[in-house]
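S.K.: Letter by letter, the chains look like this.
Protein chains: 2
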Amino acid sequence: MAQSMLLYWSSGSPPCWRVKIALEEKQLQGYKHKLLSFDKNEHKCEEVKALNPRVQVPTFKHGDIVVNESFAACLYLESAFKSQGTRLIPDDPAEQALVYQRMFETNNLQQKMYDVAFYEWHVPEGERHESALKRNKESLIAELKLWDGYLEEMGKGSYLAGKNFTMADVVCFPVIVFFPRLHCPPERCPRLMEYYKMLKDRPSIKASWPPHWLEKPEGQDMLKNL
Amino acid sequence: MAQSMLLYWSSGSPPCWRVKIALEEKQLQGYKHKLLSFDKNEHKCEEVKALNPRVQVPTFKHGDIVVNESFAACLYLESAFKSQGTRLIPDDPAEQALVYQRMFETNNLQQKMYDVAFYEWHVPEGERHESALKRNKESLIAELKLWDGYLEEMGKGSYLAGKNFTMADVVCFPVIVFFPRLHCPPERCPRLMEYYKMLKDRPSIKASWPPHWLEKPEGQDMLKNL
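Residue numbers (our numbering), protein chains in the order written: chain L, 1 to 226; chain C, 1 to 226.
A couple of the hints might just be wrong.
It does not matter which identical chain is used: a pair holds within one copy or between any two.
[Said to hold, decoys possible] Pairs of lysine to any residue residues, derived as SDA-like cross-links and limited to a Cα-Cα distance of at most 25 Å, are as follows: (1) K197 x G219; (2) K44 x A142; (3) K134 x W213; (4) K32 x D148; (5) K61 x Y31; (6) K49 x P93; (7) K156 x P93; (8) K82 x G12; (9) K61 x F178; (10) K49 x L146; (11) K156 x V116; (12) K44 x A132; (13) K134 x S79; (14) K44 x E143; (15) K112 x S158; (16) K34 x D221; (17) K216 x E46; (18) K137 x F81.
In short, the hints are calculated from the structure, not lab data.
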């Protein structure tokens, strides 16, 4: 099945990374893929455009089925290969509800992380304000506290939605990884840092680690002053 | 089952509305609910806080299960009541992929609509820029064109993900409705306007129509100059 899959992706993009983790967890190694450089604007290529009117990565194709939104691709893969590899969405209603809840809360963490770490990248110079960045930082600090509290409450060694690795981890880990990488002070989220250490060597995550991070293990320090 | 459900919600909030539509479609009428006023800040109450650390609506409880993110609540309801009411996520892999794809693309449309219609509400006065609002408008116009194209391609009378009403419609209709309501020029998205007219009297949507919109059928004109 994996041979009929094609993923266009970029190194270090959380949406791309989550699709790659899902593919690994569902034992779909061997899928075709094409690494495109953001810096060289390669993701704006004709091949991507033909499959994705947003001209973004990830762009993912399985046979004739095209599904590009990262959450959509992950849910599709879980559904299409339910009994293969890791079960990422549990059947038990209470467990399932928590997986969904944490999955979608991830959008908050991702946006707030971007709003601080990539503020200068997203906001043109003449539109930047110290007051906005200060507000963004406060909001991110509160968000981290929330996630750290979730892990604290669930106890040592827990994944984001309980005792098992689930789709919540698939979608959120590629965001969480930016906190240690961009030098966030560990005291802002000690439980998340433990969680990061617990997951970073998981086979699906190791196999999909951004190649340009392997070349440059030390990230920039955009979250140093959080 | 519906008697063991409790929804805290606000009138006119797209995330709240989508949970209400899902409840109607899954034949879960009779759920308990509490309407909270944004204007009076009622959604910041202790009852909500006890169930939702983000202190937001929707806040949704089914027995002991709490699931507050609107997409999470909708997916949970579909899964827990799969064979009851309207089937919102089809089994066919290609159909399912498209439903997921449009569901998650909704976040783009919603954010871009907010970034124009509620720009002054979200951005403090000293941080507003004509250049940003202009960029937001261009981005929203392009986004509308994309959705209009999807409907155009699928043909007259089509729902967002094909011939049937699905979860894509549940999550996206409460965003699309803002375009006619806030006086968006119909020529910006003629197919979406037809889609709106086709859906506005659907029983699940009519039953969950924001009560303060019934009192004031004429909305403000924040999208008039799009």
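S.K.: Determine which of the earlier numbered hints do not hold for this structure and return their numbers in increasing order.
M.R.: 3, 4, 8, 9, 11, 13, 16, 17, 18
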